[in-house]
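Chains L and B, in that order, are what the protein sequence lines are. Under UniProt numbering, residues 1 to 70 are what the first sequence spells out, in order. Under UniProt numbering, residues 1 to 70 are what the second sequence spells out, in order.
Heads up, some of the hints might be wrong.
[Claimed, not checked] Computed beta-carbon distance windows for the label pairs:
{"#": "1", "chain 1": "B", "residue 1": "Glu45", "chain 2": "L", "residue 2": "Gly25", "range": "55 to 65 angstroms"}
{"#": "2", "chain 1": "B", "residue 1": "His69", "chain 2": "L", "residue 2": "Pro49", "range": "52 to 62 angstroms"}
{"#": "3", "chain 1": "L", "residue 1": "Lys21", "chain 2": "B", "residue 2": "Val67", "range": "44 to 54 angstroms"}
{"#": "4", "chain 1": "L", "residue 1": "Asp51", "chain 2": "B", "residue 2": "Ala4", "range": "12 to 22 angstroms"}
{"#": "5", "chain 1": "L", "residue 1": "Leu37", "chain 2": "B", "residue 2": "Asp47", "range": "19 to 29 angstroms"}
{"#": "6", "chain 1": "L", "residue 1": "Glu60", "chain 2": "B", "residue 2": "Ser9", "range": "22 to 32 angstroms"}
{"#": "7", "chain 1": "L", "residue 1": "His69", "chain 2": "B", "residue 2": "Asp47", "range": "31 to 41 angstroms"}
{"#": "8", "chain 1": "L", "residue 1": "Ala4", "chain 2": "B", "residue 2": "Asn48", "range": "34 to 44 angstroms"}
[To be verified] Sample of chain L residues with no beta-carbon within 10 angstroms of chain B, all distances over it, derived:
{"#": "9", "residue": "Thr3"}
{"#": "10", "residue": "Lys21"}
{"#": "11", "residue": "Asp68"}
{"#": "12", "residue": "His69"}
No lab work stands behind these hints: they were computed from the structure. Glycine included, each C-beta is placed from N, C-alpha and C at the ideal position.
There are 2 protein chains.
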Amino acid sequence: MTTATYTVSGMTCGHCVSSVKEEVGEVTGVTGVEVDLATGLLTVESDNPLDTATIRAAVEEAGYEVVDHP
Amino acid sequence: MTTATYTVSGMTCGHCVSSVKEEVGEVTGVTGVEVDLATGLLTVESDNPLDTATIRAAVEEAGYEVVDHP
């Protein structure tokens, strides 16, 4: 299993968290998504490593932005 | 036509605005709802005056609070 973390900016409430979870959760290969509103930390689990650009695009689709991906 | 205004606290984003609009819009007799995110101003239009408690309850159902109703 692979875990990747991202920092997302622009989320202000639980609705925002839900939007990000939903969009990222729909990405093929994603098996788990966690979002921490206070820090903007997005944790994505998958069986195999995923393309960062795909996750970034899903976050943008939800209306937010990935500002950091270590 | 009657227009009543309320100040709603706790809304932080467009999703919050949508939630309030949806809940208040479902109240019997409501013919129009406007919400200004920046000021929290909720404007409710109806053919006849509505019970303030009903609007207040709809806002709370959406997860927010009416802090002022002139």
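Okay, the hints, checked on the actual structure:
{"no.": "1", "hint": "Glu45/B x Gly25/L: 55 to 65 angstroms", "result": "violated (38 angstroms)"}
{"no.": "2", "hint": "His69/B x Pro49/L: 52 to 62 angstroms", "result": "holds (54 angstroms)"}
{"no.": "3", "hint": "Lys21/L x Val67/B: 44 to 54 angstroms", "result": "violated (30 angstroms)"}
{"no.": "4", "hint": "Asp51/L x Ala4/B: 12 to 22 angstroms", "result": "violated (51 angstroms)"}
{"no.": "5", "hint": "Leu37/L x Asp47/B: 19 to 29 angstroms", "result": "violated (40 angstroms)"}
{"no.": "6", "hint": "Glu60/L x Ser9/B: 22 to 32 angstroms", "result": "holds (30 angstroms)"}
{"no.": "7", "hint": "His69/L x Asp47/B: 31 to 41 angstroms", "result": "violated (53 angstroms)"}
{"no.": "8", "hint": "Ala4/L x Asn48/B: 34 to 44 angstroms", "result": "violated (56 angstroms)"}
{"no.": "9", "hint": "Thr3", "result": "holds (27 angstroms)"}
{"no.": "10", "hint": "Lys21", "result": "holds (13 angstroms)"}
{"no.": "11", "hint": "Asp68", "result": "holds (21 angstroms)"}
{"no.": "12", "hint": "His69", "result": "holds (23 angstroms)"}
In this structure, the earlier hints numbered 1, 3, 4, 5, 7, 8 are contradicted, and the remaining ones agree with it.
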